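Novice: These are the residues of each chain, in order.
2 protein chains.
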Amino acid sequence: MKAAQPIGILGGMGPQAGIDLASKLVAHTRATKDQDHIPSFLYGDPSIPDRTQFLFGHTTVNPAHHMVEGVQKLYALGVKVVGVACNTAHSPGIFDEFKSQLRSRCPDLTIIHLIEETVAGIQSQYPHIKNVGVLGTEGTLRFKLYDNLLVKAGLNPIQPRHQDALTPAIFDPKTGIKACSSPVHGAAVQGLVDAIEDVVAQGAEVVILGCTELPLAVPSPTHNLIPLLDPAVFLARALIQAAAPDRLLPWRV
Amino acid sequence: MKAAQPIGILGGMGPQAGIDLASKLVAHTRATKDQDHIPSFLYGDPSIPDRTQFLFGHTTVNPAHHMVEGVQKLYALGVKVVGVACNTAHSPGIFDEFKSQLRSRCPDLTIIHLIEETVAGIQSQYPHIKNVGVLGTEGTLRFKLYDNLLVKAGLNPIQPRHQDALTPAIFDPKTGIKACSSPVHGAAVQGLVDAIEDVVAQGAEVVILGCTELPLAVPSPTHNLIPLLDPAVFLARALIQAAAPDRLLPWRV
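Those sequence lines, one after another, are chains R and G.
Position in the first sequence (from 1) plus 5 gives the number in the working numbering.
Position in the second sequence (from 1) plus 5 gives the number in the working numbering.
Just so you know, the hints here were simulated from the structure itself, not pulled from any lab data.
The model shown is predicted, which means the values in this text are computed figures rather than measured ones.
Be aware that a few hints might be false.
Stated by the list, open to error - In silico DMTMM-like cross-links for lysine to aspartate or glutamate, where the CA-CA straight-line distance does not exceed 25 Å:
| no. | chain 1 | residue 1 | chain 2 | residue 2 |
| --- | --- | --- | --- | --- |
| 1 | G | 38 | R | 177 |
| 2 | G | 78 | R | 74 |
| 3 | R | 38 | G | 74 |
| 4 | G | 104 | G | 121 |
| 5 | G | 179 | R | 41 |
| 6 | R | 179 | R | 169 |
| 7 | R | 179 | G | 251 |
| 8 | G | 179 | R | 251 |
| 9 | G | 38 | R | 143 |
| 10 | G | 85 | R | 74 |
| 11 | R | 78 | G | 74 |
| 12 | G | 78 | R | 41 |
| 13 | G | 78 | R | 113 |
| 14 | R | 38 | G | 177 |
| 15 | R | 78 | G | 41 |
| 16 | G | 38 | R | 199 |
| 17 | G | 149 | G | 199 |
| 18 | G | 38 | R | 169 |
| 19 | R | 85 | G | 74 |
| 20 | G | 38 | R | 74 |
| 21 | R | 38 | G | 199 |
| 22 | R | 38 | G | 143 |
| 23 | R | 179 | G | 41 |
| 24 | R | 149 | R | 102 |
| 25 | R | 38 | G | 169 |
| 26 | R | 78 | G | 113 |
| 27 | G | 104 | G | 143 |
| 28 | G | 85 | G | 101 |
As the list claims (entries may be wrong) - Which stretches of chain R does chain G cover? Using the computed rule of at least three CB atoms under 8 Å from a CB of chain G, they are:
| no. | stretch |
| --- | --- |
| 29 | 13 to 23 |
| 30 | 37 to 45 |
| 31 | 53 to 63 |
Virtual Cβ for every residue (Gly too), placed ideally from N, Cα, C.
Using the sequences and the hints, build the whole thing.
Specialist: Right, dumping it as structure tokens:
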């Protein structure tokens, strides 16, 4: 096998999300010994301000600036392909600024887009599906990160009618997944299950777990036979495809 | 809380070991939101040659040289405290050379020693225990990485009498944990359980899972009530203690 370009992961949003993405890179790489793997750098950067807070105008500090600084550190190490392990950070208000600043500072850097890869992955792996449940932070849902791209792809996005349970499942300082992830608190699991059943009751045939914390709470790939899709899987596969396509394992759920 | 120094992890030996250590850093850090965590850089470096092969003289390339290059990359990013996520790499033939080269190149870098921290952790957390089972790669066992430090601490190391099952559990290109870690193959789990029962039959009161792949195969903290000790936990806690002692959570199994 030829030498692979190092893959960069901007993590820390939350801390387990980048780690989870790094783990999926390994799981989807064809390798029988340590030396077959693709070099990678994971930066767990806690200095990046909360993305949801910015989108709702509670702060004027665009997290994009901190994200650019983090990626520049990875770029200085030779990283030429990078993924950001956070759904909310992919909202246009943040991600467009991030990409624009990086285009001039790191001109030959390939930035893989989590949401675009997820929608493309649904189209190729679930070609007969029309109705797609979308869960995520308030920012992801309100700003329709998935919805807009799903509609453009001819799919029908379905958000939960009752979002009250999902925000504390992610953010509650005692029981939320960001505060308490190993193991996840029962209250957070219940909040997520309620939201899944909400979109399924509205007709969802697959459900996107569109916040990097959510798959930590429901590790099973299905709920009552409905596929639960982890966007990090699609991102990991796209990163491998960009860095070392000959090492990408075949798709498996 | 005051700003924390970034923690560096040299990973890739195998690929999941560094990821697992990063995850333990998060789990042992006092935090209620993303921004409370400690900045960290994980380098998954597959270019580091096999440590066991070197120790047995099958190659003359000391992995220490590659390890030094990797740590220098992390140091250039501002890392001042680093851990190496590999047991075998801590054998004196490799680690002494690694430390010696780093001392001149990165003079203010603190290198936390996985084996020393594990022995110190046993002394403080299990003060009444005398007999300590030690599992690991052939290199770790033959070169007595844990045994020598355990004896120095007044403890009695016990190695498995039959090591035939442990090497394939780690290295087999089809069923070994390095090739197949999510999920681990049943044959690898059985090989490890056999080795645990071997040292317990000889009187071990706790068992060190002294290869970073092994805890992936037995996630439970005990086997028939005998504590299984994951050295990565002791390393993670020592790294937090060095970088941001006010954020170290109390000990829990």
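Novice: Now look at each hint and say whether the structure bears it out.
Specialist: How the hints compare with the structure:
1. 38(G) with 177(R): OK: residue 38(G) and residue 177(R) at ~9 Å, within 25 Å.
2. 78(G) with 74(R): holds, 17 Å
3. 38(R) with 74(G): Between residue 38(R) and residue 74(G) the Cα gap is close to 21 Å, so the pair holds against 25 Å.
4. 104(G) with 121(G): Since the Cα atoms of residue 104(G) and residue 121(G) sit roughly 14 Å apart, the hinted pair holds (cutoff 25 Å).
5. 179(G) with 41(R): holds, 14 Å
6. 179(R) with 169(R): holds, 16 Å
7. 179(R) with 251(G): holds, 19 Å
8. 179(G) with 251(R): Distance ~19 Å between residue 179(G) and residue 251(R) Cα, so the pair holds.
9. 38(G) with 143(R): Between residue 38(G) and residue 143(R) the Cα gap is close to 16 Å, so the pair holds against 25 Å.
10. 85(G) with 74(R): Roughly 19 Å between the alpha carbons, so the hint for residue 85(G) and residue 74(R) holds.
11. 78(R) with 74(G): The hint holds at about 17 Å.
12. 78(G) with 41(R): holds, 21 Å
13. 78(G) with 113(R): Roughly 21 Å between the alpha carbons, so the hint for residue 78(G) and residue 113(R) holds.
14. 38(R) with 177(G): Since the Cα atoms of residue 38(R) and residue 177(G) sit roughly 9 Å apart, the hinted pair holds (cutoff 25 Å).
15. 78(R) with 41(G): Within the cut-off at roughly 21 Å; holds.
16. 38(G) with 199(R): This hinted pair holds, its Cα atoms lying about 23 Å apart.
17. 149(G) with 199(G): Distance of about 20 Å is within 25 Å: holds.
18. 38(G) with 169(R): holds, 19 Å
19. 85(R) with 74(G): Holds: residue 85(R) and residue 74(G) sit about 19 Å apart, inside 25 Å.
20. 38(G) with 74(R): Distance ~21 Å between residue 38(G) and residue 74(R) Cα, so the pair holds.
21. 38(R) with 199(G): holds, 23 Å
22. 38(R) with 143(G): holds, 16 Å
23. 179(R) with 41(G): Roughly 14 Å separates the two Cα atoms, so the pair holds.
24. 149(R) with 102(R): holds, 18 Å
25. 38(R) with 169(G): holds, 19 Å
26. 78(R) with 113(G): Cα-Cα ~21 Å, so holds.
27. 104(G) with 143(G): Distance of about 23 Å is within 25 Å: holds.
28. 85(G) with 101(G): holds, 19 Å
29. 13 to 23: With 5 residues closer than 8 Å to chain G, the stretch 13 to 23 of chain R meets the three-residue bar; holds.
30. 37 to 45: holds (count 9)
31. 53 to 63: holds (count 3)
This entry satisfies every hint, going by the numbered hints stated previously.
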